Amino acid sequence: MKIKATNNNVLVVRDKSAENIGGLYIPDEAKKLMHRGVIKSVGSLCSDKTIKEGVIGIFNKSAGFEITEDGVIYLVLTQMDIISTK
Amino acid sequence: MKIKATNNNVLVVRDKSAENIGGLYIPDEAKKLMHRGVIKSVGSLCSDKTIKEGVIGIFNKSAGFEITEDGVIYLVLTQMDIISTK
Amino acid sequence: MKIKATNNNVLVVRDKSAENIGGLYIPDEAKKLMHRGVIKSVGSLCSDKTIKEGVIGIFNKSAGFEITEDGVIYLVLTQMDIISTK
Amino acid sequence: MKIKATNNNVLVVRDKSAENIGGLYIPDEAKKLMHRGVIKSVGSLCSDKTIKEGVIGIFNKSAGFEITEDGVIYLVLTQMDIISTK
Amino acid sequence: MKIKATNNNVLVVRDKSAENIGGLYIPDEAKKLMHRGVIKSVGSLCSDKTIKEGVIGIFNKSAGFEITEDGVIYLVLTQMDIISTK
Amino acid sequence: MKIKATNNNVLVVRDKSAENIGGLYIPDEAKKLMHRGVIKSVGSLCSDKTIKEGVIGIFNKSAGFEITEDGVIYLVLTQMDIISTK
Amino acid sequence: MKIKATNNNVLVVRDKSAENIGGLYIPDEAKKLMHRGVIKSVGSLCSDKTIKEGVIGIFNKSAGFEITEDGVIYLVLTQMDIISTK
Numbered sequence: 001m002k003i004k005a006t007n008n009n010v011l012v013v014r015d016k017s018a019e020n021i022g023g024l025y026i027p028d029e030a031k032k033l034m035h036r037g038v039i040k041s042v043g044s045l046c047s048d049k050t051i052k053e054g055v056i057g058i059f060n061k062s063a064g065f066e067i068t069e070d071g072v073i074y075l076v077l078t079q080m081d082i083i084s085t086k
Numbered sequence: 101m102k103i104k105a106t107n108n109n110v111l112v113v114r115d116k117s118a119e120n121i122g123g124l125y126i127p128d129e130a131k132k133l134m135h136r137g138v139i140k141s142v143g144s145l146c147s148d149k150t151i152k153e154g155v156i157g158i159f160n161k162s163a164g165f166e167i168t169e170d171g172v173i174y175l176v177l178t179q180m181d182i183i184s185t186k
Numbered sequence: 201m202k203i204k205a206t207n208n209n210v211l212v213v214r215d216k217s218a219e220n221i222g223g224l225y226i227p228d229e230a231k232k233l234m235h236r237g238v239i240k241s242v243g244s245l246c247s248d249k250t251i252k253e254g255v256i257g258i259f260n261k262s263a264g265f266e267i268t269e270d271g272v273i274y275l276v277l278t279q280m281d282i283i284s285t286k
Numbered sequence: 301m302k303i304k305a306t307n308n309n310v311l312v313v314r315d316k317s318a319e320n321i322g323g324l325y326i327p328d329e330a331k332k333l334m335h336r337g338v339i340k341s342v343g344s345l346c347s348d349k350t351i352k353e354g355v356i357g358i359f360n361k362s363a364g365f366e367i368t369e370d371g372v373i374y375l376v377l378t379q380m381d382i383i384s385t386k
Numbered sequence: 401m402k403i404k405a406t407n408n409n410v411l412v413v414r415d416k417s418a419e420n421i422g423g424l425y426i427p428d429e430a431k432k433l434m435h436r437g438v439i440k441s442v443g444s445l446c447s448d449k450t451i452k453e454g455v456i457g458i459f460n461k462s463a464g465f466e467i468t469e470d471g472v473i474y475l476v477l478t479q480m481d482i483i484s485t486k
Numbered sequence: 501m502k503i504k505a506t507n508n509n510v511l512v513v514r515d516k517s518a519e520n521i522g523g524l525y526i527p528d529e530a531k532k533l534m535h536r537g538v539i540k541s542v543g544s545l546c547s548d549k550t551i552k553e554g555v556i557g558i559f560n561k562s563a564g565f566e567i568t569e570d571g572v573i574y575l576v577l578t579q580m581d582i583i584s585t586k
Numbered sequence: 601m602k603i604k605a606t607n608n609n610v611l612v613v614r615d616k617s618a619e620n621i622g623g624l625y626i627p628d629e630a631k632k633l634m635h636r637g638v639i640k641s642v643g644s645l646c647s648d649k650t651i652k653e654g655v656i657g658i659f660n661k662s663a664g665f666e667i668t669e670d671g672v673i674y675l676v677l678t679q680m681d682i683i684s685t686k
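Order-wise, the sequence lines are chains W, Y, G, H, X, D and F.
For what it's worth, this note's numbering labels the leading residue of the first sequence as 1, then goes sequentially.
For what it's worth, this note's numbering labels the leading residue of the second sequence as 101, then goes sequentially.
For what it's worth, this note's numbering labels the leading residue of the third sequence as 201, then goes sequentially.
For what it's worth, this note's numbering labels the leading residue of the fourth sequence as 301, then goes sequentially.
For what it's worth, this note's numbering labels the leading residue of the fifth sequence as 401, then goes sequentially.
For what it's worth, this note's numbering labels the leading residue of the sixth sequence as 501, then goes sequentially.
For what it's worth, this note's numbering labels the leading residue of the seventh sequence as 601, then goes sequentially.
The following block holds chain W by itself, in its conformation from the complex:
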């Protein structure tokens, strides 16, 4: 069975390429703080319905912790860790 987030958790597959963006000037400080990834599962208690499967979530690099299921490394975040989507 597919892994599913519970409570207000959000499972994300971290996008390794996220740190390289376009050609414009980006302050190093800001670039380094954020990571992004595809949201794979959202717990039923998440109260923001714009946080949903398939959307790219942006979150603090140091948020959450990783679990491994079926050979995939998922980042476990809570709803509030997702500061924006894209």
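Any given hint could be a false lead.
[Claimed, not checked] Here chain F is said to cover these stretches of chain D; the calculated rule only asks that three of the stretch's residues, wherever they fall, bring their Cβ under 8 Å from a Cβ of chain F:
#1 502–513
#2 536–547
#3 563–572
[Claimed, not checked] Negatives, chain Y to chain W, calculated, CB over 10 Å:
#4 Met101
#5 Lys102
#6 Val113
#7 Asp115
#8 Lys140
#9 Ala163
#10 Asp170
#11 Val172
[As the list claims (entries may be wrong)] Derived Cβ-Cβ restraints for the label pairs, each shown as a range:
#12 D:Leu533 x G:Val238: 54 to 64 Å
#13 D:Glu553 x X:Ser462: 50 to 60 Å
#14 G:Lys286 x H:Met301: 35 to 45 Å
#15 D:Val513 x F:Asp670: 38 to 48 Å
Hints listed in this document are in silico derivations from the structure and should not be mistaken for laboratory results.
Since this is a predicted model, take the numbers as computed values, not measurements.
For glycine and all other residues, C-beta sits at the position ideal for the given N, C-alpha and C.
Starting from the known structure of chain W, fit chains Y, G, H, X, D and F onto it as the hints suggest.
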């Protein structure tokens, strides 16, 4: 009588074999933090209805405490300890 | 008049024999942490309706405090101290 | 005018004789911790409707504080200080 | 314009004569802790409707702080500071 | 555009003359603690509807912080800083 | 896709020119504490509907943190960081 979880508690029988998964590369750090087990009883105050009997719950290795009933060792977790199901 | 629990309190008569269970192997650590007893009265603010008179409650050995009424020693617990019923 | 409790306060007239009960064995430890008294007034915010005028309330000996009105010493408790009624 | 309490504040004019009551024996300890006064204004967020203008409020001597309006010294209390009315 | 308070904030223009009131005796202690001013804008989350534009608010001298917009110095308070109106 | 705020977050593009306002006297202390910017996205959990896209938000200079998306530096604030709008 069968033991039943109260409040927002969740009773889980820890899956001893959970630490050995497939053949893919799994970072040691991540593998070691999580345990899993079959959910046996869910308290009536648990607000996430995807946490239910018979489902496999994934939880932090160090969460909760054990009780023994009818010769079975149950792990007592609360709803929020279950970070995902499978 | 019969004593009645208030608020979210639960009155329990501790089962002295609870520490001796069956013949299966029980880890000493787990066995020692929990006590059980018959629930005698449940306060009207208790939100888990599975915690009710006549049911056996399982609770942490060190939870609550004792009061004596009509020669009976009652353990005063709150709803959240009852971690499962049987 | 008669004094009336406000908020979730409970006014109790402490029963001085409460420490002497019947003839059964009562552990000294337990006996000493609890006092009782007749509930004289209950604030309108008290959410447990079993806590009401005329009922005997049982409470921790050290809970609340005393006020004197019309020559009567009232113990001012809050709802949660009443751990059971009789 | 007349001063009006906001939020869950209560404006009281402290009764200076409140410390001298009748002829019965009053323990000094208890007598000294409480003051009383006429409630002059109650904020719209006060949830206990028995706390109202014109009623005598009893409160801890050290609660609140004083403000002066139109030559009158008002004691500013919050709803929970009023422990009973009379 | 006119500046508008958000959330439960209240924008006040402090009344500089507020410290000089009438001819009656005012204890120095009390007089010094409070300031007043005209309420200019109230955030939509303010739950006390008596706190409104045009009313004089009374507040602790040290509450809030100042911002400058269009050459006017506004004091930014939150709803709870307004202890009474006039 | 366009970046969107989640939860009660607010994405703002800081207005660099905000520190130079008109010709009136502005106390240096006050001027330095606040920044402003155009609100670009508001999370669905923001409970103040006056905080909305296109409006100028005023906020404490040190609030929030910056993220970079599509070459634009966004300031990530939460609803409560916006103390007024214009």
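Hint by hint, here is what the structure shows:
1. 502–513: Per the Cβ count (8), the hint holds.
2. 536–547: holds (count 4)
3. 563–572: n = 7 at 8 Å, threshold three: holds.
4. Met101: 28 Å, holds
5. Lys102: With a cut-off of 10 Å, Y:Lys102 remains clear of chain W, as the shortest Cβ separation is near 24 Å.
6. Val113: 18 Å, holds
7. Asp115: Given a closest Cβ separation of 13 Å, the condition holds.
8. Lys140: Nearest chain W Cβ is 16 Å from Y:Lys140, so the label holds.
9. Ala163: 13 Å, holds
10. Asp170: The claim holds: Y:Asp170 sits with its nearest Cβ about 27 Å from chain W, beyond 10 Å.
11. Val172: Given a closest Cβ separation of 23 Å, the condition holds.
12. D:Leu533 x G:Val238: 54 to 64 Å: 58 Å, holds
13. D:Glu553 x X:Ser462: 50 to 60 Å: Taking Cβ atoms as reference, D:Glu553 and X:Ser462 lie about 36 Å apart, which means the hint is violated.
14. G:Lys286 x H:Met301: 35 to 45 Å: About 52 Å separates the Cβ atoms of G:Lys286 and H:Met301, which means 35 to 45 Å is violated.
15. D:Val513 x F:Asp670: 38 to 48 Å: 41 Å, holds
Hints 13, 14 from the earlier list are contradicted by this structure; the remaining hints agree with it.
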